[in-house]
Amino acid sequence: MTTHSLASLHHQYSFLKRLSNSESIHLPPSSLFLHPSPSSSSSSSSTTTTTSSTTTTFSLSPTTSSSTPTTTNPISFDNLKHHLSTQNFFQADEETRRLLIVLAGEAAQKRRYVFFSEVQFISEADLKAIDELWKQYSNNKFGYSVQKRLWQKANKDFTKFFIKVGWMKKLDTEIEQYNYRAFPNEFTWELNDETPEGHLPLTNALRGTQLLNSILSHPAFEGEEDEKEAEVKGSLRDNGPKPLTSLFPKPDYSF
Amino acid sequence: MASLVSSPFTLPASKADQLSSLSQKHFFLHSFLPKKINNLPNSKSSLKVKCAAVGNGLFTQTTPEVRRIVPENKNNLPTVKIVYVVLEAQYQSSLSSAVQSLNQNSNFASFEVVGYLVEELRDENTYKTFCKDLEDANIFIGSLIFVEELALKVKTAVEKERDRLDAVLVFPSMPEVMRLNKLGSFSMSQLGQSKSPFFQLFKRKKQGAGFADSMLKLVRTLPKVLKYLPSDKAQDARLYILSLQFWLGGSPDNLQNFLKMISSSYVPALKGTKVDYSDPVLFLDSGIWHPLAPCMYDDVKEYLNWYGTRRDVNEKLRGPDAPVIGLVLQRSHIVTGDESHYVAVIMELEAKGAKVIPIFAGGLDFSGPVERFLIDPVTKKPMVNSVVSLTGFALVGGPARQDHPRAVEALMKLDVPYIVALPLVFQTTEEWLNSTLGLHPIQVALQVALPELDGGMEPIVFAGRDPRTGKSHALHKRVEQLCTRAIKWAELKRKSKTEKKLAITVFSFPPDKGNVGTAAYLNVFASIYSVLKDLQKDGYNVEGLPETAEALIEDVIHDKEAQFNSPNLNVAYKMSVREYQNLTPYAPALEENWGKPPGNLNSDGENLLVYGKQYGNVFIGVQPTFGYEGDPMRLLFSKSASPHHGFAAYYSFVEKIFEADAVLHFGTHGSLEFMPGKQVGMSDVCYPDSLIGNIPNVYYYAANNPSEATIAKRRSYANTISYLTPPAENAGLYKGLKQLSELISSYQSLKDSGRGQQIVSSIISTARQCNLDKDVELPEEGEEISAKERDLVVGKVYSKIMEIESRLLPCGLHVIGEPPSAMEAVATLVNIAALDRPEDGISSLPSILAETVGRNIEDVYRGSDKGILKDVELLRQITEASRGAISAFVQKTTNKNGQVVDVADKLSSILGFGINEPWIQYLSNTKFYRADREKLRVLFEFLGECLKLVVADNELGSLKQALEGKYVEPGPGGDPIRNPKVLPTGKNIHALDPQAIPTTAAMQSAKVVVDRLVERQKVDNGGKYPETVALVLWGTDNIKTYGESLAQVLWMIGVRPVADTFGRVNRVEPVSLEELGRPRIDVVVNCSGVFRDLFINQMNLLDRAVKMVAELDEPWITGCTKRLIRLSFKMRTC
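So the sequences go chain by chain: G and P.
Here the first sequence is numbered in my numbering, starting from 1 and rising by one per residue.
Here the second sequence is numbered in my numbering, starting from 256 and rising by one per residue.
Zero decoy hints are in this set.
Restraint ranges, calculated between C-beta atoms of paired labels, are given here: (1) P:G860 to G:E124: 50 to 56 Å; (2) P:R1359 to G:K169: 37 to 43 Å; (3) P:N360 to G:K170: 41 to 47 Å; (4) G:K170 to P:M1363: 43 to 49 Å.
Partner residues are not named here, just some residues of chain G that face chain P (Cβ under 7 Å, in silico): (5) F158; (6) T159; (7) N179; (8) A205.
Because the hints were derived from the structure by calculation, they are not lab data.
The structure displayed is predicted, hence computed values, not measured ones.
Glycine included, every Cβ here is placed at the ideal spot set by N, Cα and C.
Start from the sequences, fold in the hints, and give me the full structure.
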């Protein structure tokens, strides 16, 4: 919810450094490629883009030229898959945000964030692919579709939803109230029993909730889980054992 | 038992404790008291000084340390240390990121930087750190320093180091600070004195918004000229202008180049190093900005053309039928990239189906851009349906000198609802959430009180501040609330009158005690009837409206004297508990206090009941009780209380079932705005905000109560439309008092006869019967009194009863749409005429009359106070003559029905023929026949204007404007007698610029009052000066009098307020004892909560005044052994 720019730059640097020192994040290109949407292009290297998108302030006025390097590499979900499979949820989260920006088109890349109305141009397949990866490597605990179910359960009330997925923290005041968590330290970057369902991937509320609204309302997640179904499933999940993860994503791409 | 506990009339013990305990309030308020108590310099004497100070207490100070960057400097590069002071926190992130990339990528220097927000320098410790930082700094940068007291602090600190510093750059600020500028040979030390056109500019437009704008113009043109001038001097000047361009460009890239340019040119260690920097990237000074647009536009048609081609939004949004919302943005937020909160609002509005026109300006004057971009140049019609300013600042002048008349003029042209929302500036999100007071007092003064003078509404905090980067971020629920409300206001402009739905809400006044449908000074049902009749004529659907106001009462409450708990009220709607819970998301929070719904209030045990009745598209509803016994104000200060389910159900019904387009709260005052929550700057969990929800709120409010109207404005987002309090009449005398007055008049004629003593005895005993002995010292009965003393005793009693006689009492109840008749206005006019208005060159009628008989009116007042019979009698004659002259005047300007007929025409015909002047005619039959005709003419011209305003009728007109989504002209609230600007009523009431008081005029009259008071006390005290005087500072009182009682406090302790060049009072200086002519007098101030909240800076002023006086070395007044000057808070809300 709160994101990169809410974090102190200084702070984040060291955090990233620690992360990148502890493990390799450079990967051989893998075979899973998706067709890039015509308007989108991806950045040269995921790591640099990630860093730059977290350390620079947000878009200047459109009259300034952006410094983001753009090349014509096709969109790859390999990095995401890798981070997820190594349970490196922090990098996976960064990568997801980067992917979303890339998928939203060139303008979003220049701007370095997605405007809510651009989400409609992201293909169902791409969003689903991201979601499937998250679900796959989190015992179905993470992912947009998981969040959508929780959001619907909260009657699409974002405050309730944010509290549910642990993006807001309770304040120690007489009146019950919540504040946004600070990125990245106050979020949970590992998967265990305490990690709230739907905690990841993060979508920031720096610019309000319309972006997340658009993602969760995207046709990719339509009919995924009807409200009533969700309730049933939710209760099942609470009581029963967690379903096993399927090792491979469903090969159900519409194109 | 259980039912007893949750019943409204018996409170559980624990709750009652919490609610009624005043001590709790004290505790809470004292936590607001400053830590400064401890910081006080341990002065030599046993002075006890305890004062309020600003910015401490509940508010954690922001710390400049988050803005400090110390480089690692691995390569041993020369270090450049930069210290900056800015008003706008948004420069923090941009500068930080510029410095960080410089340190990362540059190979010529390593940059250390620390920044201060100008308001932080109020804090002593922060100021010390600031001075220390300056000691080894190379470069100082300042921007937008417009608060005199802080400007002086900056000046003192920088001046010391100015010669040593390599460069000093000050961008638009007060001249004192601008003069610090130093860039090689370029300096502005001549600012305001030199003849060069460059400096003339500053001289001419020395202050305020115009100044900043001319500065911008200069920035645009000057570098081009200077480029071609070879000399070093021009080079330095050129670099200054370039610096300004970089600074106003604001982006990290621009700031990086700026720092490269300045440090390589002026830091000695870097001399000779070749550093490349790019030219500033310039942005428009003002224009239209949209995050998706390829560029900024300076033409609204071009912008709309682009809007029409957007692929990402649907036809409906692009089409002509979408509501259009204008946004006013601060340019610096956009260029520095600190614009997430702006983007949030734009997204939210577009997602809700509204088209946006976001305009920005770099100067401090937004009135030009508003007119240029939001009004169609051809049709002169607004291009938008409502406007939201996200800057938080007044439209013209920002933090510097505001020009409210100009702002109002622009907004009148625009003529749409004008909302001013604000981002947190001096608090982080968490500090604001944690604070029970809410918004930081400085921000309240700057960004809530000032925009109100422009007619700005709805001070919604829509953005928070991250503690680590200082960047603004959206508060998602607040943004949603703001945007929905802005669209709702816009809908009022778009909907037809027939389809518009209005919910009129009535209360009982005083809350919970009065009959249903009452309000202060107002005949509520007669007024509603008159409003509805008018709306009906205007095209609103008011189907089934009964024939008379009485029938309306019968319909709605079935009983004229119905109390709220009466079973007779008409039930308009029964809401099932399930429906209630669905419609009221905050309902669970009420259960802690009220148990499960439906509860006992507004309930039949199964359903929640909404009382009222619907006529066509108008619903007249009865606001539920606030649920606790006693004063509703206490809810305001209670942290754990909440409205009850019935109360919540009422507003859920109005918003979601009746689907009101606007709610009209009818009269002063209900309990909505007093519900628990922050004082100013509501959060998601503040009840007034949750209750009013998304409904535009229009509130008829008594003109004489601006301070509580302010509560309604700030906490329930009301557009407060003033109504006239009923015409006042002189109280007159009756019963014993009347008898007393007759006795005195017989004493006057018979005192020298033998009956004098006898009459005095009856005067004394009658006075005792009337309890006058409490006010006037009377000799024991039967005591022998000398003839001379007799006169004195009678004089004192006489002066007392004259005082009682001329007291003003409201006469009857006001009915909206029925202005007072001219004759009813006489008493008001007499009182208006009784005040000298030296600022307008108008003498008061009493002083003109006193002059006629060779007396000074002040002496007459003084004599009358002392009980000198002759003076008391003269004063009576003066009063009588005043009334007579004014009645004569009013009679001439009215028609047979007692209504004023065109004062102006009548006046000129009167004034054309001097002989006919009615007041002269009247006075010619009194002892004042020689009164100064010219002075009288000036006075009566003024009274004529006042009369016109008193009887003008704008109350209905303004309501209709509000309901049609138009702008309602703002105006001060207060006492029409002292400030006829309050008239005509029907204005959106505001308080006043909290920093403008006390005014010079207020100071003048305070001096008179204090001197009179002290003299009288001295007389009563056997010739000794009083040591201590107790005084209450009320909010309304100080608003009405422009700070007279505040000035009284200052004059008693012997200090004088000093206004800065912008007319803001934020300094005091001691008055010497010689000038004062008496010892300083201690003051115990009892301060109302509203005063504290409205005049936080003035509280600070008192603090400084007291300390200043306490530290004076004045040996000869040790008559007071110990000075105790204390401000204690007492919670009152007037």
